[in-house]
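Asker: Spelled out from the first residue to the last, the chains are:
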Amino acid sequence: MPEAQATGVIHDLGYRSYDGPRLGRAQIVRALIWHSFRSAWGIGRGIKAKIIPILAFVAMCLPAIVNAFAVSQGNARLFGYDVYDPQLRVVVLIIFIAAQAPELVSRDLRSHVLPLYFSRPLRRDDYPLAKYIALTLACLVLIEVPLLLLYVGTIASAKSGHDVWNQTKALIPGLGVGLMWAVLVAAIGLVLASLTGRRAYATGIVAIACFLTWIVSIVLIQAEGGITSTSTGARIGGLFSPFTILDGVRIWLGGTSPGEDANPGRFGPLYGVLFVILLAACLGGLATRYRNVSRS
Amino acid sequence: MTRSVMRWHRSTMPSNPGPGPGGPTRIASPVIETRALTKVYPGNVTALDGLTVSVAPGVTGLVGANGAGKSTLIKILLGLIPPSQGQATVLGHDTRDSGETIRALLGYMPEHDCLPPDVTATEFVTHLGRMSGLPPTVAKERAAESLRHVGLHEERYRLIGTYSTGMKQRVKLAQALVGDPRLLLLDEPTNGLDPAGRTAMLELIGRIGAEFGISIVVASHLLGEIERICDHLVAIDAGRLLRADSITSFTMASQVLAVEVEEGLAQLQAELAVRGLTATAQQRVLLVPLGGDDTYDVIRDAVADLALPLCRLEERRHQVEELFRDEGKVQHA
Amino acid sequence: MTIELRNVSRWYGNVVAVNDVTMSIGPGVTGLLGPNGAGKSTIMHMIAGFLPPSRGELTVATASDPAGRPSWRNPDIYRDMALVPERDSVYAFLTGTQFVTATAKLHQLADPDAAAVRAIALLDMADAADRKVATYSKGMRQRIKVAAALVHDPEVLLLDEPFNGMDPRQRLHMMDLLDKLGSEGRTIVFSSHILEEVERLSGTIQVVVAGRLAASGDFRAIRRLMTSRPHVFTVRSSDDRTLGAALIGRPAVTAVDLSGTGLQVRTSDYGAFCRDIAVLARDHGIRLREVQPTDESLESVFAYLIAD
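These protein sequence lines map, in sequence, to chains A, B and C. Heads up, the first sequence is in my numbering, so the first residue is 2 and it goes up one at a time. Heads up, the second sequence is in my numbering, so the first residue is 292 and it goes up one at a time. Heads up, the third sequence is in my numbering, so the first residue is 124 and it goes up one at a time.
Bound conformation, chain A alone (with noise of 0.2 Å):
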């Protein structure tokens, strides 16, 4: 019986050309927002990168679950949808941005990586639009999450349907001006980071640019009498930092709780128009900056 004939393959290990589907433009755009949007929460990173990240995630939750045990207990709510903590906010969201909007931008503009996009079947829009719309989704789940939070440790304790009712229609605002926030928050510290390669400089802008104006505002607002002042001065005293311009258009727009940062009276829809002219600003900024940027 004749034994089978002992075979053997080589295959062929040269390049391999790609035939099959290529996605499109709205595709690769949506892998960059979710690359940075990953980079934004120092995922994929190393552990360094997600100290900030995380420090500020749980620092924020952190009234949502004390508020949680106070309720339990039998107290009311002790934050309002619309403004959670307010101080908390603004100086979690400060250093947030402040150290994350680097990591977006500044990086990329150090390391002159910005031909190898351009260069790929992207339109020179999309990166910016990308990086814009990650940090915003980042911002969001910033401040979202712990109003979620807010509002489940909320109705946990709570006593009837109509107790939940009374949560959720009070919630959907406050998410609302969550978003507000994420929109303007994301565009001012994006197009600040970019103006640098270096992320300590960048991360130094944005921080201090942040502050100085939230404490112009509030020094001007104290300085003209304090909120509950009518004068006009305390009234558009809040017009010169964006957080404060944020709690004036909540407010302009019906926002109930206490305004700490601004009380505009009339002079709401000049905080509503503010808060376009601004962002539109910053968003035109940062298109402008990465269609002149050229290296090669």
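Hints are supplied without guarantee of correctness; some may be wrong.
[Claimed, not checked] To give an idea of the interface, some chain B residues facing chain A are shown, with a C-beta separation under 10 Å as derived from the structure: (1) I365; (2) I393; (3) K431; (4) R433; (5) R439; (6) Y454; (7) Q466.
Calculated from the structure, these hints are not laboratory results. Beta carbons are placed, not taken as given, at the ideal position from N, Cα and C, and that holds for glycine.
Let chain A serve as the given structure and place chains B and C on it in line with the hints.
Answerer: Relative to chain A, chains B and C alone:
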């Protein structure tokens, strides 16, 4: 001057590289065509001035264009900026309206540093594969393959910041390959590499051109390496076309023989004169016009009769460099 | 000899950048070669007096001090010496003329403006000299750096990767210039990775590998010294087979390879082969069309030195 005779693979490369094994057929029409391409920047700086050139498939060298001209041409070809006048088509698509289509078919390796130090090569090339439009798993696979082809298989999980210059250049090449481009634009690929690194990179580029079936345009200042790996050459000067031709037409035999003897050069020169050959001395060699086949024999006999040590006898070839020697003034790009 | 290094070492903590190097560099053009990180820049900076050797002696002898003095902490050596570093080290906001004139003034030349004009003309930068350096291409910046280095007519010129970024015409021009300066008796040392150009320009080379001096001298002579590597010649003739048979009969020839493109002859004795080839061809009535050493180039010599 003695010519470097280390032409390791030029002789084994086909003159017109066809498709690689198992690769799809590439069309034989020009990969890049420009017609009266002009670009003037504000402040009256003319980077390109009526450039008309046609780049055939294969490996083409782009030389001479310095500074503004080269980077402007590349940006126009990538569809990133419009020309002031004239037209450019890449792989049959007009750069003015089909920039995105072109960029999907092109792989670009920039001249300058463009790598982030704190990611691994694998992550980086995979991400850029996604940016080229590859689906997620395909991007991962092609990234690994590209890194293998450029010789970074073992080091692909290390951070790019730990790489040597040669390895970084290879990562740049890998990201250009990951999207399976039809045309590669390599800008000074041997920049910063030491001789061993240069040799390795040039071999790699030659292999890509010959085996992978991808057309390549190499922008370089180094004429020696262009002669080594390119089939064609496009020489640009002051934004205009100086000359575009196949390399062989630049390096044609010149009908002049170069003779080198270890000693007794003057003696040989005199002897050749006696036998009716006028030889000009140039550093270590004698240049003898090639009258006919018997010139070889006269030289052989003269050397043998004088018992001189013959270490070189070759027909001199023209060099691309001569193109640039002809003009007197140095360019101010 | 102008520049003398005797057992020079340079270390940074545990990192030894230069390891016990003894070399002499004289007038003419010398090429300093080596892989990246081999220590070429360190050696150049030590010669230029920017770094002291950690051990050993380094002296530079010029017309004003033929006995030789160390360049470290000896600022008046800069009257006779200049360094063109690799890095971009030009104030971009100055014009070319301003930059070169400023350097001339720093050298306390008697007529800095005239010296600047002369140096700029030497580098053929007169047309662009009144533009700001920020508008220059990379090759032009290199040239203005060299102009500034030449403004005080130094006897010793050190250039670190001088051709970087230059287009072909600029390279040819620079090579001609260095060749001219070298034949005027100056001592020129330049480092480069482009071996074709080093081969053309310099008589002697100094090859540094991993901080040590691997070889020095004329590269052809260095090749002769590599006796463990047989020399390989390509020969084409009117009758390769007969010639090949005749060659294998010669004691110097160790192997003959016959292929469609000609003969590849391996020989252990370069000189003997060179003497034999024409005689053999004549005696057998064979026409010699081509005789080429295949691994005599600087490129090959360098590769062998690195590999060892």
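Asker: If a hint holds in the structure, say so; if it doesn't, say that too.
Answerer: Going through the hints against the structure:
1. I365: 7 Å, holds
2. I393: With a closest approach of 9 Å, the I393 of chain B hint holds.
3. K431: 13 Å, violated
4. R433: 6 Å, holds
5. R439: 8 Å, holds
6. Y454: Violated, because the Cβ-Cβ distance from Y454 of chain B to chain A comes to roughly 13 Å (cut-off 10 Å).
7. Q466: 6 Å, holds
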